[in-house]
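Protein sequences, first through last, are from chains S and A.
Under numbering that gives the first Met the number 0, residues 0 to 211 are what the first sequence spells out, in order.
Under numbering that gives the first Met the number 0, residues 0 to 284 are what the second sequence spells out, in order.
Think of the hints as simulated: they come from the structure by calculation, not from any bench.
The structure displayed is predicted, hence computed values, not measured ones.
For each residue, glycine too, the CB sits at the ideal point set by N, CA and C.
Mixed in with the good hints there might be a few duds.
As the list claims (entries may be wrong) - Covered stretches of chain A (chain S as the covering partner; in silico rule of three or more C-beta atoms under 8 Å from a C-beta of chain S):
| id | region |
| --- | --- |
| 1 | 144-153 |
| 2 | 180-190 |
| 3 | 266-277 |
Claimed, not checked - Keeping only pairs whose Cα atoms sit at most 27 Å apart, straight-line, the calculated DSSO-like set for lysine-lysine is:
| id | chain 1 | residue 1 | chain 2 | residue 2 |
| --- | --- | --- | --- | --- |
| 4 | A | 162 | S | 97 |
| 5 | S | 67 | S | 15 |
| 6 | S | 165 | S | 51 |
| 7 | S | 187 | A | 33 |
Listed below, chain by chain, are the residues.
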Amino acid sequence: MSVVLEEIKNGVIKLKPAIVKEACERALAEGITAQTILNAGLIAGMAVVGEKFKNNQVFVPEVLMASKATHAGMDVLKPILAESAVEPVGKFVLGTVKDDLHDIGKNLVGMMLEGSGFEVIDLGIDVSPEKFVKAAKEYNANIVGMSSLITSTLHYLGETIAAMEKAGLRDSVKIMVGGAPVTAEYAKQIGADGYGKDASVAVEVALKLLQQ
Amino acid sequence: MTRTVLRRGSCEVIMGPGMPTVIIGEKINPTGRKKFAQALLNGDLSLVREDALAQVGAGADMLDVNVGAAGVNEVELLPKAVKLVSEVVDVPLCIDSSNPDALAAALEVYEGKALVNSVCGKAASLEKVLPVVKAYGAAVVGLCMDDQGIPGDVDGRVRIAVKILERAEQLGIPREDVLIDCLAMTVSSDHMAGRVTLETLGRISRELKANTILGASNVSFGLPDRWSINAAYFSMAIQSGLTSLIMDPNAPGLRRIVKATDLLMGYDEFAMNYLTDYRQFTEND
Chain S
0 MSVVLEEIKN
10 GVIKLKPAIV
20 KEACERALAE
30 GITAQTILNA
40 GLIAGMAVVG
50 EKFKNNQVFV
60 PEVLMASKAT
70 HAGMDVLKPI
80 LAESAVEPVG
90 KFVLGTVKDD
100 LHDIGKNLVG
110 MMLEGSGFEV
120 IDLGIDVSPE
130 KFVKAAKEYN
140 ANIVGMSSLI
150 TSTLHYLGET
160 IAAMEKAGLR
170 DSVKIMVGGA
180 PVTAEYAKQI
190 GADGYGKDAS
200 VAVEVALKLL
210 QQ
Chain A
0 MTRTVLRRGS
10 CEVIMGPGMP
20 TVIIGEKINP
30 TGRKKFAQAL
40 LNGDLSLVRE
50 DALAQVGAGA
60 DMLDVNVGAA
70 GVNEVELLPK
80 AVKLVSEVVD
90 VPLCIDSSNP
100 DALAAALEVY
110 EGKALVNSVC
120 GKAASLEKVL
130 PVVKAYGAAV
140 VGLCMDDQGI
150 PGDVDGRVRI
160 AVKILERAEQ
170 LGIPREDVLI
180 DCLAMTVSSD
190 HMAGRVTLET
200 LGRISRELKA
210 NTILGASNVS
220 FGLPDRWSIN
230 AAYFSMAIQS
240 GLTSLIMDPN
250 APGLRRIVKA
260 TDLLMGYDEF
270 AMNYLTDYRQ
280 FTEND
């Protein structure tokens with residue numbers, strides 16, 4: 000692999016936005032395609048960070064910093080990616096369910112998805128079933144992902160799925176759920192297509208769902 | 000000085016500035032505890048009983064009671080849990096639910112003056128929860144968030160606290176019966192989050208003269224060695240004016256940090272609470 004791509008990947012892993020930005024510019028000047036820089040540099044780096052996070056070798060602030068580094072690189076690549084019209088691997092509408100204000104896990108999932116080539120539409124926190132439905136339609140989403148972190152908001156996962164069904168979106172949109180009180184069994188029970196027990200698993204599941 | 004009095008039967012807890020920090024046990028809660036949630040779904044309250052005994056045994060002054068797991072009928076189960084806890088321990092309770100009907104059902108069987116957890120600045124919450132609190136003569140936790148979410152700045156949170164206190168007052172709930180929760184957010188995603196909460200606490204206690212409560216353990220989420228962060232934060236929160244803490248009284252050493260801070264703040268004459276805690280729990284800690 001080219002030296003500059005390795006530098007970009009390591010820049011993400013070592014949480015250095017300035018280095019990533021500079022190396023991305025250099026890589027473009029060397030004639031490497033934006034798509035290659037994205038995949039072999041930024042996404043490859045974020046994948047390593049995700050793995051380390053899963054193993055408790057890095058922690059939330061470091062993942063946020065790595066994401067900042069990835070975004071610094073993305074800012075360089077975006078205009079070129081837009082020109083060459085590289086399609087995102089999929090469109091992912093993301094949010095924390097109604098009455099729930101917890102967003103750390105959800106944000107991590109969003110960053111990891113972006114790092115894996117998804118276009119992420121983050122609806123934020125306290126998102127009602129209607130808002131999820133509206134966004135899924137508006138953005139023509141492949142997947143809708145919901146997070147619930149307190150047991151008192153857990154029922155909104157099922158209610159949002161019901162609202163998606165009612166809106167006739169259930170066949171065209173896959174649904175993923177996650178959050179501390181959510182289990183794989185619970186996800187199945189309410190009719191979700193996927194469950195991610197942490198951010199890196201969520202990305203794996205999302206990529207799998209796209210193949211279906 | 001604002002004095003909040005909570006009572007169950009003959010057991011009374013008083014909190015306010017200059018007094019020892021009131022420790023409210025947080026464990027009777029299904030959030031993040033899958034076994035506990037499953038037991039509740041089966042109508043099995045044996046873990047509620049165990050947690051009540053263990054927490055009071057470890058020095059909790061009050062207990063929070065929350066049975067809000069997915070699929071649980073809280074209107075039915077919350078009063079049952081309150082009754083059961085009342086049978087095994089003496090301390091006053093903090094009745095914790097987002098469902099106003101469940102709160103009313105639990106207050107109906109509670110003997111004394113309970114703490115209701117919680118109301119917030121959202122219009123629907125103020126409308127539904129405060130009348131229940133008033134009807135049963137309870138005290139209430141007021142969360143510094145509203146329809147727009149949790150303000151990231153001190154002014155925004157203080158404004159919501161003012162709104163909650165005013166609305167309560169209009170209904171005849173006095174200031175001492177509203178405990179403001181300034182909301183402990185994790186510092187792993189925002190390094191200023193600890194400071195915003197501490198500064199809000201300072202202003203609530205100095206300017207509004209309201210008593211306060213904080214579910215503080217959340218502050219360290221996403222970081223290693225959470226104990227160190229929690230210990231520092233608990234201490235700083237008490238110094239900023241906090242009057243009660245929702246925490247795990249069994250967490251090794253943390254309760255002792257609270258007692259030590261109370262002593263250093265001058266809230267513990269002749270170090271009686273600190274020494275009692277030391278003698279009672281030396282073997283465990």
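For each hint, the structure was consulted:
1. 144-153: holds (count 3)
2. 180-190: Answer holds; 4 residues pass the 8 Å Cβ test.
3. 266-277: violated (count 0)
4. A:162 / S:97: holds (23 Å)
5. S:67 / S:15: Judged against 27 Å, a Cα distance of about 8 Å means the pair holds.
6. S:165 / S:51: violated (40 Å)
7. S:187 / A:33: holds (16 Å)
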